[in-house]
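> Please work from the sequences and hints to get the whole structure.
Here the protein sequences come in this chain order: A and B. If you count the first sequence from 1, position 164 lands on 164 in UniProt numbering, and the numbers rise without skipping. If you count the second sequence from 1, position 30 lands on 30 in UniProt numbering, and the numbers rise without skipping.
Just so you know, these hints were derived from the structure itself, not from any lab. Don't be surprised by glycine CBs; every beta carbon is placed ideally from N, CA and C. Honestly, I wouldn't trust all of these hints.
Pulled a few chain B residues facing chain A out of the computed Cβ check, cut under 7 angstroms [claimed, not checked]:
hint	residue
1	90
2	91
3	93
4	174
5	257
6	359
7	414
8	416
Chain B side only, calculated, beta carbon under 8 angstroms to chain A, not exhaustive [to be verified]:
hint	residue
9	92
10	202
11	355
12	356
13	389
14	418
15	473
Single-letter residue listing:
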Amino acid sequence: MDHNKSTLNLFNNIDLATELRLGLPGSDDHTEIKKSLSGNKRSSSEMGSSTCTQENESTFSPPTKEQVVGWPPVRSYRKNIIQAKKPEAEMGSGMFVKVSMDGAPYLRKMDLKMYKSYEELMKGLQEMFKCIIGLYSEREGYNGSQHVPTYEDKDGDWMLVGDVPWEMFVNSCKRLRIMKSCEARGLGV
Amino acid sequence: MDPNPNPKKPKAIKSCPFPDEVLERVLSLIDSHHDRSSVSLVCKNWYNAERWTRRHVFIGNCYSVSPQIVAARFPRIRSVTLKGKPRFSDFNLVPEDWGADVQSWLTVFSTVYPFLEELRLKRMVVTDQSLEFLALNFCGFKALSLLSCDGFSTDGLKAIATHCKNLRELDIQENGIDDLGGHWLSCFPESLTSLEILNFASLNSEVSFDALEKLVSRCKSLRVLKVNRNISLDQLQKLLLRCPQLTELGTGSFMQELISGPVTELKNMFSNCKNLVTLSGLWDATPLYLPVVYPACDSLTFLNLSYATLRSIELANLLSHCKNLRRLWLIDTVGDKGLEAVGSCCPLLEELRVFPADPFDQEIFLGVTESGFMSVSRGCPKLRYVLYFCRQMTNAAVATIARNCPDFTHFRLCIMNPGQPDYLTKEPMDEAFGAIVKTCTKLQRLAISGLLTDRTFEYIGKYAKNLETLSVAFAGSSDLGMEYVLKGCPKLRKLEIRDCPFGNAALLSGLTKYESMRSLWMSACNVTMDACRVLAKERPRLNVEVMRDEDGSDDSQAHKVYVYRTVVGPRKDAPPFVLTL
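Rendered as structure tokens:
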């Protein structure tokens, strides 16, 4: 079924190591896991069970630290949720967001977790881009300054930095853009 | 059966002292299919009375019987539960196109049970065509539940929503569904007011909120509503306004940048839900909004946090309000500290499931350990069901846990690194499971992991006399392991084994046992085709299916073996890679 295949392909793209095959990905690993199991097999036919146990305590080597098909036994559905969450988790340990400034040739990256407040963030941005951002006011935004800091949130909307509580901003900010104030008119500045 | 078993008795005394109608009346009150099976074995009269009064049939393996046989025996079925693929298909161990298509069942049912009301499927292949067939051919159809199924898309759901005029239940859980959009929800006609259960939490596409709100408003008997992640807090608030009578709620995303009203309004919505006993969803929940559910927590008996990556503090705060919990599902981000809170706040807890946030990253040393499990066992002596994913465990800890919670019926421990020993003593984990089977005499289901020798299986065979389901992976030293279990566990019904050194002798030691079981699964063990052929030849009432390995290497080895009892012989829909011997 086409739609069936596309669903499975989706799973495969997300987690390439989970192929439909026995043993571990990569033929070397395949022989290694076979060896550790066949070691047991040899013992079982030639020796009694007690010797077997001792023998196998020393010879049994767990599979190498590669992914084994279908292990741990977590359902596909949950696995996909986890994979989907992964990018967020990576952002969680250091929240790096791209920062662009109109007119600057390169994008920069900054770690939002390094800052505890908007004041600190503004300081960092001003240092990074050698610009002046000016003061924020709830009613007038960044009126009067040459540059206006904006950000793209989870919904894809471009927002003015400073409107929402800091925590909320950090959780929803996907990237930053320092606009020239003349271009920032659309944001109700 | 002879209606007059004792010829010396006077004829006046009948074996059945009351008329059939009375017998049928009495038997119609029996729901449990186990009881009904027992009833049907008493005598011919009772067999007949039972078959005429059975309304619900449970088929644990769709290939053990045919729809024609079911139809012939039970003429008045209104509800069917059907299970298909072996459980390891959940973990990608069963190739696509293996089978378990529901259509052949539906075709027969459409003539024999045109008034079928309920269909509950697990691990079956269901196509959109089948869903449409179902919707069009069963005019009184009321309840559809799909769990771990695949083969269909949201188009199939459209058909159900459009045509099932008396739909009471639509429960879509964790399926391999092709999500083409949320339009299916808008297909419920305005005349549909009968919905009581609606669960679309696992679907990704956005539904029309307007359509959902209207649906919820007009279905006054709605008691279970589980929405998907796209439903925002604002929207949830509007929904709860319409259905405060809910007993089970699955929320959408619990993170929103700015909700339109004050947080207290949302909190009030939850306090208005006086009948809530189950809460789930809570995607992306943070300390910001989690407290809005507190007013509803006191009456909760089941809290499913397995999609909310909470940390220990957040969990502790939440659980301090949930003293009546019986069932709790968590993600291991809560850590051992979170589990301490479970132990202190939830003395009535009977079931705990802890899922791994990051099962595939071996470098991570987070999650829960033996310490968390012990904390729970100390505070929750009524625990009967545990599923626990962890990265380290000790024999001593499990022994303590067994002592604290002797009533375990389901013990599923997954030490995520295969073949890992007791991390303190470096010994195998044999004594851990030994302690469990010795202490927990009511144990029905067991899943073992870690470094295990044949001793574990010796313990299981010797002590686990009520064991029905056993899952084994990367364990054992020799054939003896499997033999101990097959000889020692009289109630064993399902045995699933992967990556163990059990060979032909082990397989064949169960020759006389497999017919008393539902099924046996063995993959990546040391079984050969020849042994499978012997089993198949000796036991014609078993289907011995071998799945060929994709690269076709080593044809004498049987890489995946699935053995199950059946009254209908080899299945006719087996794909080319499945060989029935």
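> Each hint needs a verdict: does it hold in this structure or not?
Hint check results:
For residue 90 of chain B, the interface hint holds, since its Cβ comes within 7 angstroms of a Cβ in chain A; the closest pair sits about 5 angstroms apart. This hint holds: residue 91 of chain B has a C-beta 3 angstroms from the nearest C-beta of chain A, less than the 7 angstroms allowed. Contact between residue 93 of chain B and chain A, as hinted, is supported at the beta carbon level, the nearest pair being about 5 angstroms apart and thus within 7 angstroms. About 4 angstroms separates the beta-carbon of residue 174 of chain B from the nearest beta-carbon of chain A, less than 7 angstroms, and the hint is met.
Annotation: residue 257 of chain B was flagged as interfacial toward chain A, and the flag holds, the nearest CB pair being 5 angstroms apart, inside 7 angstroms. Using the Cβ-Cβ criterion of 7 angstroms, the hint placing residue 359 of chain B at the interface with chain A is satisfied: the shortest such distance is roughly 5 angstroms. Taking 7 angstroms as the C-beta contact cut-off toward chain A, the hint placing residue 414 of chain B at the interface holds, the least distance being around 6 angstroms. At its closest, the beta carbon of residue 416 of chain B sits 5 angstroms from a beta carbon of chain A; the interface hint therefore holds under the 7 angstroms criterion.
Satisfaction of the interface hint for residue 92 of chain B is found here, the shortest Cβ-Cβ separation to chain A being roughly 5 angstroms, below the 8 angstroms cut-off. Hint status for residue 202 of chain B relative to chain A: holds, with the closest Cβ pair at about 6 angstroms, below 8 angstroms. At a threshold of 8 angstroms, the smallest CB-CB gap from residue 355 of chain B to chain A is about 7 angstroms, leaving the interface hint in force. For residue 356 of chain B, the shortest C-beta to C-beta distance to chain A is roughly 7 angstroms, which falls under 8 angstroms, so the interface hint holds.
The closest approach between the C-beta of residue 389 of chain B and any C-beta of chain A is roughly 6 angstroms, which is under the 8 angstroms cut-off, so the hint is satisfied. Because the smallest distance between the Cβ of residue 418 of chain B and any Cβ of chain A comes to about 5 angstroms, under 8 angstroms, the interface hint for this residue holds. Annotation: interface hint on residue 473 of chain B holds; nearest CB of chain A at approximately 7 angstroms, less than 8 angstroms.
In this structure, none of the earlier numbered hints is contradicted; all agree with it.
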